[in-house]
Amino acid sequence: NAGVTQTPKFQVLKTGQSMTLQCAQDMNHNSMYWYRQDPGMGLRLIYYSASEGTTDKGEVPNGYNVSRLNKREFSLRLESAAPSQTSVYFCASSESGPRGELFFGEGSRLTVL
Amino acid sequence: AQSVTQPDIHITVSEGASLELRCNYSYGATPYLFWYVQSPGQGLQLLLKYFSGDTLVQGIKGFEAEFKRSQSSFNLRKPSVHWSDAAEYFCAVGARSDYKLSFGAGTTVTVRA
Numbered sequence: 001n002a003g004v005t006q007t008p009k010f011q012v013l014k015t016g017q018s019m020t021l022q023c024a025q026d027m028n029h030n031s032m033y034w035y036r037q038d039p040g041m042g043l044r045l046i047y048y049s050a051s052e053g054t055t056d057k058g059e060v061p062n063g064y065n066v067s068r069l070n071k072r073e074f075s076l077r078l079e080s081a082a083p084s085q086t087s088v089y090f091c092a093s094s095e096s097g098p099r100g101e102l103f104f105g106e107g108s109r110l111t112v113l
Numbered sequence: 001a002q003s004v005t006q007p008d009i010h011i012t013v014s015e016g017a018s019l020e021l022r023c024n025y026s027y028g029a030t031p032y033l034f035w036y037v038q039s040p041g042q043g044l045q046l047l048l049k050y051f052s053g054d055t056l057v058q059g060i061k062g063f064e065a066e067f068k069r070s071q072s073s074f075n076l077r078k079p080s081v082h083w084s085d086a087a088e089y090f091c092a093v094g095a096r097s098d099y100k101l102s103f104g105a106g107t108t109v110t111v112r113a
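Heads up: the protein sequence lines correspond to chains A and B, in order. Residue numbers for the first sequence follow this note's numbering, beginning at 1 and rising by one. Residue numbers for the second sequence follow this note's numbering, beginning at 1 and rising by one.
Just so you know, these hints were derived from the structure itself, not from any lab. Accuracy of the hints is not assured; some may be wrong.
Claimed, not checked - Derived Cβ-Cβ restraints for the label pairs, each shown as a range:
1. B:Ala1 / A:Ser84: 21 to 31 Å
2. B:Arg112 / A:Leu113: 19 to 29 Å
3. B:His82 / A:Gly3: 44 to 54 Å
4. A:Arg77 / B:Arg112: 42 to 52 Å
5. A:Lys14 / B:Arg22: 13 to 23 Å
6. B:Ser97 / A:Arg77: 33 to 43 Å
7. B:Ile9 / A:Lys57: 25 to 35 Å
8. A:Thr5 / B:Ser39: 38 to 48 Å
9. A:Glu101 / B:Ser97: 13 to 23 Å
What the hints assert, rightly or not - Beyond 12 Å from chain A on every Cβ pair, some chain B residues (computed):
10. Glu15
11. Gly16
12. Ala17
13. Arg22
14. Gly62
15. Lys68
16. Arg69
17. Ser73
18. Arg77
19. Ser97
Stated by the list, open to error - Heads up, simulated DSS-like pairs for lysine-lysine below, C-alpha to C-alpha not over 25 Å straight-line:
20. B:Lys49 / B:Lys68
21. A:Lys57 / A:Lys71
22. A:Lys9 / A:Lys57
23. A:Lys57 / B:Lys100
24. B:Lys100 / A:Lys71
25. B:Lys100 / B:Lys68
Backbone N, C-alpha and C fix where the C-beta goes; we use that ideal spot for every residue, glycine too.
Start from the sequences and build out the full structure, keeping to the hints where you can.
Structure representation (structure tokens):
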């Protein structure tokens with residue numbers, strides 16, 4: 001059982017380039033999330049999808065877009081990468097929204113030069 | 001909006017000694033409260049959670065936490081730490097009305113032999 005799978009695990013971009021982080025879960029969860037983790041700041045919510053067909057902004061959505069492609073997949077897109085977006089990105093899913101346990105992927109480390 | 005403070009950035013503890021990690025939250029009503037653990041290079045794993053009822057909750061790996069409404073705290077404890085407990089620990093608070101989970105900045109635990 002793979003759980004939550006994120007790709008790629010590592011990526012280096014130049015300022016202004018675009019890229020998409022992919023996330024897929026095989027637990028039939030309704031809710032999916034994208035977080036970024038920066039030293040000393042914990043995890044901050046970028047976007048979430050409470051259920052298939054819906055997406056909402058989190059705490060730090062600027063510079064990002066998301067797509068809930070189907071129940072399994074939730075992608076995060078950086079249209080024009082900036083050095084401030086250098087971070088580790090985590091995708092997570094939950095069966096029952098705010099009450100539920102979040103299951104995390106292993107993270108994607110992104111460096112923007 | 002809810003917020004979380006973890007006052008201790010780094011704690012060093014001897015193997016076999018007890019451990020207590022502090023967490024203070026800000027939220028107007030009774031929140032959902034969580035502790036997650038992150039091993040190096042990994043995603044986060046749920047240790048325990050509090051929704052309602054008994055204020056002392058038991059989790060995995062021998063951890064427990066106590067919800068104290070009067071102090072707006074949810075401190076994590078373990079009576080006797082093992083070298084494998086070396087990790088980063090995150091407290092998180094969720095509002096019952098939405099899907100946004102707010103994480104603290106984390107506490108790094110080092111276990112010395």
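Hints and how they fare:
1. B:Ala1 / A:Ser84: 21 to 31 Å: holds, 22 Å
2. B:Arg112 / A:Leu113: 19 to 29 Å: About 38 Å separates the Cβ atoms of B:Arg112 and A:Leu113, which means 19 to 29 Å is violated.
3. B:His82 / A:Gly3: 44 to 54 Å: violated, 25 Å
4. A:Arg77 / B:Arg112: 42 to 52 Å: Check passed, 44 Å falls within 42 to 52 Å.
5. A:Lys14 / B:Arg22: 13 to 23 Å: Check failed, 42 Å falls outside 13 to 23 Å.
6. B:Ser97 / A:Arg77: 33 to 43 Å: violated, 28 Å
7. B:Ile9 / A:Lys57: 25 to 35 Å: For B:Ile9 and A:Lys57 the Cβ distance comes to about 29 Å; the hint holds.
8. A:Thr5 / B:Ser39: 38 to 48 Å: Given a distance of about 18 Å, which is not inside 38 to 48 Å, the answer is violated.
9. A:Glu101 / B:Ser97: 13 to 23 Å: Taking Cβ atoms as reference, A:Glu101 and B:Ser97 lie about 19 Å apart, which means the hint holds.
10. Glu15: Fine: 26 Å to the nearest Cβ keeps B:Glu15 off the interface.
11. Gly16: holds, 29 Å
12. Ala17: It holds; B:Ala17 is separated from chain A by about 26 Å at its closest Cβ, greater than 12 Å.
13. Arg22: holds, 14 Å
14. Gly62: holds, 18 Å
15. Lys68: B:Lys68 clear of chain A: closest Cβ-Cβ about 21 Å, beyond 12 Å.
16. Arg69: holds, 19 Å
17. Ser73: holds, 17 Å
18. Arg77: holds, 20 Å
19. Ser97: At about 8 Å from chain A, B:Ser97 fails to clear the 12 Å cut-off, so the statement is violated.
20. B:Lys49 / B:Lys68: Holds - the C-alpha atoms of B:Lys68 and B:Lys49 are around 14 Å apart, at most 25 Å.
21. A:Lys57 / A:Lys71: holds, 18 Å
22. A:Lys9 / A:Lys57: Holds, at roughly 24 Å.
23. A:Lys57 / B:Lys100: With Cα atoms ~9 Å apart, A:Lys57 and B:Lys100 stay inside 25 Å; holds.
24. B:Lys100 / A:Lys71: holds, 19 Å
25. B:Lys100 / B:Lys68: With Cα atoms ~22 Å apart, B:Lys100 and B:Lys68 stay inside 25 Å; holds.
Taken one by one, the earlier hints fail for this structure at numbers 2, 3, 5, 6, 8 and 19, listed in ascending order.
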